[in-house]
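For the record, the sequence lines run as chains H and G.
Counting from 51, one number per residue, gives the positions in the first sequence under the working numbering.
Counting from 2, one number per residue, gives the positions in the second sequence under the working numbering.
Simulated from the structure, these hints should not be mistaken for laboratory data.
Treat the hints with caution; some may be incorrect.
Here are the simulated distance ranges between beta carbons [as the list claims (entries may be wrong)]:
| # | chain 1 | residue 1 | chain 2 | residue 2 | range |
| --- | --- | --- | --- | --- | --- |
| 1 | G | V489 | H | Y171 | 42 to 48 Å |
| 2 | H | I178 | G | W152 | 29 to 35 Å |
| 3 | G | L131 | H | T170 | 46 to 52 Å |
With a straight-line cut-off of 25 Å between C-alpha atoms, the simulated SDA-like cross-links for lysine to any residue are [said to hold, decoys possible]:
| # | chain 1 | residue 1 | chain 2 | residue 2 |
| --- | --- | --- | --- | --- |
| 4 | H | K138 | G | W152 |
| 5 | G | K28 | G | M430 |
| 6 | H | K67 | H | R135 |
| 7 | H | K185 | G | F261 |
| 8 | H | K187 | H | D244 |
| 9 | H | K138 | G | L547 |
| 10 | G | K28 | G | W152 |
| 11 | H | K185 | G | Q514 |
| 12 | H | K92 | G | L384 |
| 13 | H | K185 | G | W152 |
| 14 | H | K185 | H | H237 |
| 15 | H | K138 | G | Q514 |
| 16 | H | K92 | H | H360 |
| 17 | H | K92 | G | L479 |
| 18 | H | K334 | G | M62 |
| 19 | H | K92 | H | D233 |
| 20 | H | K185 | G | K28 |
| 21 | H | K334 | G | T68 |
| 22 | H | K185 | G | P324 |
| 23 | H | K85 | G | L452 |
| 24 | H | K187 | G | P324 |
| 25 | H | K138 | G | G517 |
| 26 | H | K67 | H | L82 |
| 27 | H | K185 | G | W326 |
| 28 | H | K187 | G | T245 |
| 29 | G | K28 | G | L53 |
| 30 | H | K187 | G | F238 |
| 31 | H | K187 | G | M235 |
| 32 | H | K92 | H | L232 |
| 33 | H | K67 | H | F120 |
Backbone N, C-alpha and C define an ideal beta-carbon position, used for all residues, glycine too.
Here are the chains, one letter per residue:
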Amino acid sequence: MSPSSPSLAPRPGPDLKAVGLVSLAAGIDTILSVKAAELSLKLLPPQASTAAPYVDGVFALEVGIGCFIFLGCCTAMAWSLLFHRADKYDMDDGAPIEGNLRLEIIWTVIPLVIVMAIATYSFRVNDILATLGPKVKLMPGEAPQLLTAEGEYGPVDVIARQWSWEFIYPNGVRSSELHLPLDERTHFRLQSEDVIHGFFIPAFRLKQDLVPGSVISYSLTPTIEGVYRLRDSQFSGGYFAANQTDVVVESREAFDGWLADSARQPLRPSYNPADELHQLRLRKGDRGWATVPPAPPPLVNASQDPSRPHDA
Amino acid sequence: MTSSTASFDPRVLKAPHPVPGAPDNWKRFFSFNTDAKVIGIQYIATSLFFLLVGGVLAMIMRGELITPPSDLVDPTVYNGLYTMHGTVMLFLFLFPILNGFNNLLIPPMIGAPDMAFPRLNAAAFWLVPLFGVILMASFFVPGGPASTGWWSYPPASLQNPVGHLINGESLWILAVALSGISSIMGAVNFTTTILRMRAPGMGFFRMPIFCWTAAAAQTIQLVGLPALTGGAIMLLFDLCLGTTFFRPEGGGDPVLYQHFFWFYSHPAVYVMVLPVFGIFSEIFPVYARKPLFGYPVVAIASFAITGLSLIVWVHHMFYSGTPMWMRNLFMYTTMLIAVPTGIKVFAWLGTLWRGRLRLTTPMLFCLGGVFNFIFAGITGIMLATVPVDIHVGNTYFVVGHFHYVIFSTITFGVFAGIYHWFPKFTGRMPYEGLGLLHFWLTFIGSTLNFLPMHWAGLMGMPRRVASYDPEFAFANVLASLGAFLLGVATIPFLLNMVSSWSRGRRAPANPWQAIGLEWLLPSPPPAENFEENVPTVISGPYGYGLGRPLVEHEESFIARAAQPAASPTSDPA
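Let's have the full structure, built from the sequences with the hints guiding it.
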């Protein structure tokens, strides 16, 4: 490719100093990348579901490999910046290297192997998680059908509206915060009554859209007791940001007790921050741009408690 | 046409005037002018205006997000602001400004006098201010502008709380459809020009990488845009005429829209980033004084990106009820994109290696852009893998990643290109000191703005929220400060552009000692570029240090470029 000239002739034998320097840099890069992969787990919320360790594993692997590549590329750039700078007014040319076929093949094959390996690993993790069941489309006006429950508990109906969450348990209890038994796989039927919403619990590392016109089967297993945030992750209009609630993970006994207690409570409108914001706006004279009025707060046996702190 | 360099005045760009009566002073920039150089500057000036508009919207949003509760603006106003910010930045800043570069650079780089279809070119440009006005008008219609994000998913985007036929959403759809039409007109023009109007001797593998990447990007426009435009028109029918393509209550499927939308809108990122890869590939050799490493492979990689970009769209829909087989398939195809983009990054590093680097403003913007792009590529790999994407998708992690691509890579490349080619097309040198100040403020501001977003996203902060839980406050304060710093960074830039153009030092023909056909022209280039004396290309681009001429009788072109008015009739051949 490049014209032969004496300055381009290959040097006889390997340059031991260069090999040593590259090996040292690669060694430091490896150590830093492993450290970065370990530290990356600290950036994430607690691992509160069976899915979380697998997802975090893929993430940490990618942080490690990514950090190695990033540091490697930046070291090469920094080396050039430090040692290959031209002096002021120096307009000479650099080494006229136009290409190197072997090098170009190597840096095509290496990324190919890396990304295919990561994809194959993720493929296997997807199989293990197996959170998403079938999606059943409804004809207009059709009532939601029963999907086969794969979980040991459920199905819990999750109904999203603008802007509230409603959960209906198999014994008929309704709540606006989600209670789940610890270490049991719970099966959900996700439905939306208006627009697309997102069922997102960061501590569980899980997310699934609720698509109007479909019932989507979903399942997960919480592994640590606590109170976690469930956030609407798919933009749903005016008071999207307020469409959050809590997920309470508790022991089977506590869960059964809560279900029995709730069953004795009468249905009443749940606490609804979107409705409060809308009422505030109306009191102020409605000077914002147009918005869809919030759906009436769902009638529930157990309402969410805004004063309770959440763990993640 | 006979040579008209005798009357050439270096203070103004003299354009050919196929449209009778078109002015030849500053007013030409406000006319239906068919000169690609005028159109290029029209595109760039218009886009920079909209960069400021989009930037002001962004700063209001970051002002809202500096504290957890929704206290600066009403949540519905916030939704309108972020929707318009995204739309303005993509459709009124990035696409037009890159079309501006195409107009300025493609004809001189390939030795063509103008675009293949000059009137189509002008018509494509004038659609931009037209739909810009339509989009801006939506701030004043009842109910305010569109407020469901730049992807405008139904059924949320079909909810029309004002009940009027003319509402923010319908104007938004109209503007996007017109933008698509304008871009298709441009794409036809750019690809035809590159395919048909190259100088003698300029085979495909003697073409500058910028032209390769422009052709690759415009091919995506030709394939993808009809899908977006079709989807937008169906959305308009649903919104205004009561059809139910996407309305579930009539049997429609909202997810169908997502397929239409992302079939174009993911490749659209490559439409924007490919020309910037071209700019990097043009600028690194100049300021490293070295040939572009692996030029043929870099060229082919551009079209590999085009091909792969058309089969990745479902990675935006991993949690839309997409079955597992489809998630896995699109995970593999998305991951493959890392290979051709990696080839480019490694080729740039190879170009820098053992170079003689000059850290001018354009070089710094390129180095910063590549640095940020490596980071963005790695977070992109994370988003391509299904398990990680399910956690971080639709969170601020994506916002951070996206802005690392769109701002910290693409806009950096745009700034690099502006500083690098400024002397060629204005005939004036930009002020280096202001340029360096602009770079450092932009680099620090963008890092402060977009890096903490990744952290907020990993913690679980959803995107598009007007308020958030207090645990995300720290990352958001940093991001807001970074956004305000970016606002400050535009001051030296605008100052530089205005003052350099009006009173900067006069530029020589080739101030950076660059190799390329455009640098064999006077600064600014005459009408029709080389006119009838089109050079015959005899070698590939980027011959730094190789001592080989680019064209036959190169000295005569250099001499003529240095003294544009001296020898009007000299024929180099």
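Against the structure, the hints:
1. G:V489 x H:Y171: 42 to 48 Å: holds, 44 Å
2. H:I178 x G:W152: 29 to 35 Å: At 31 Å between Cβs, range holds.
3. G:L131 x H:T170: 46 to 52 Å: holds, 49 Å
4. H:K138 x G:W152: violated, 49 Å
5. G:K28 x G:M430: Holds. K28 (chain G) to M430 (chain G) sits at ~22 Å (cutoff 25 Å).
6. H:K67 x H:R135: Between K67 (chain H) and R135 (chain H) the Cα gap is close to 21 Å, so the pair holds against 25 Å.
7. H:K185 x G:F261: With a Cα-Cα distance of about 20 Å, the restraint between K185 (chain H) and F261 (chain G) holds, given a limit of 25 Å.
8. H:K187 x H:D244: Measuring from Cα to Cα gives roughly 15 Å; hence the hint holds.
9. H:K138 x G:L547: holds, 22 Å
10. G:K28 x G:W152: violated, 37 Å
11. H:K185 x G:Q514: Distance of about 62 Å is beyond 25 Å: violated.
12. H:K92 x G:L384: holds, 19 Å
13. H:K185 x G:W152: Satisfied, since the Cα-Cα distance of roughly 23 Å is no more than 25 Å.
14. H:K185 x H:H237: holds, 13 Å
15. H:K138 x G:Q514: holds, 14 Å
16. H:K92 x H:H360: This hinted pair holds, its Cα atoms lying about 18 Å apart.
17. H:K92 x G:L479: Status holds; Cα separation ~19 Å.
18. H:K334 x G:M62: holds, 21 Å
19. H:K92 x H:D233: Satisfied, since the Cα-Cα distance of roughly 23 Å is no more than 25 Å.
20. H:K185 x G:K28: violated, 60 Å
21. H:K334 x G:T68: It holds: about 21 Å lies between the C-alpha atoms, which stays within 25 Å.
22. H:K185 x G:P324: holds, 8 Å
23. H:K85 x G:L452: holds, 19 Å
24. H:K187 x G:P324: Since the Cα atoms of K187 (chain H) and P324 (chain G) sit roughly 13 Å apart, the hinted pair holds (cutoff 25 Å).
25. H:K138 x G:G517: Distance of about 23 Å is within 25 Å: holds.
26. H:K67 x H:L82: Within the cut-off at roughly 23 Å; holds.
27. H:K185 x G:W326: This hinted pair holds, its Cα atoms lying about 14 Å apart.
28. H:K187 x G:T245: With Cα atoms ~15 Å apart, K187 (chain H) and T245 (chain G) stay inside 25 Å; holds.
29. G:K28 x G:L53: Holds, at roughly 23 Å.
30. H:K187 x G:F238: Holds, at about 23 Å.
31. H:K187 x G:M235: holds, 21 Å
32. H:K92 x H:L232: holds, 23 Å
33. H:K67 x H:F120: holds, 24 Å
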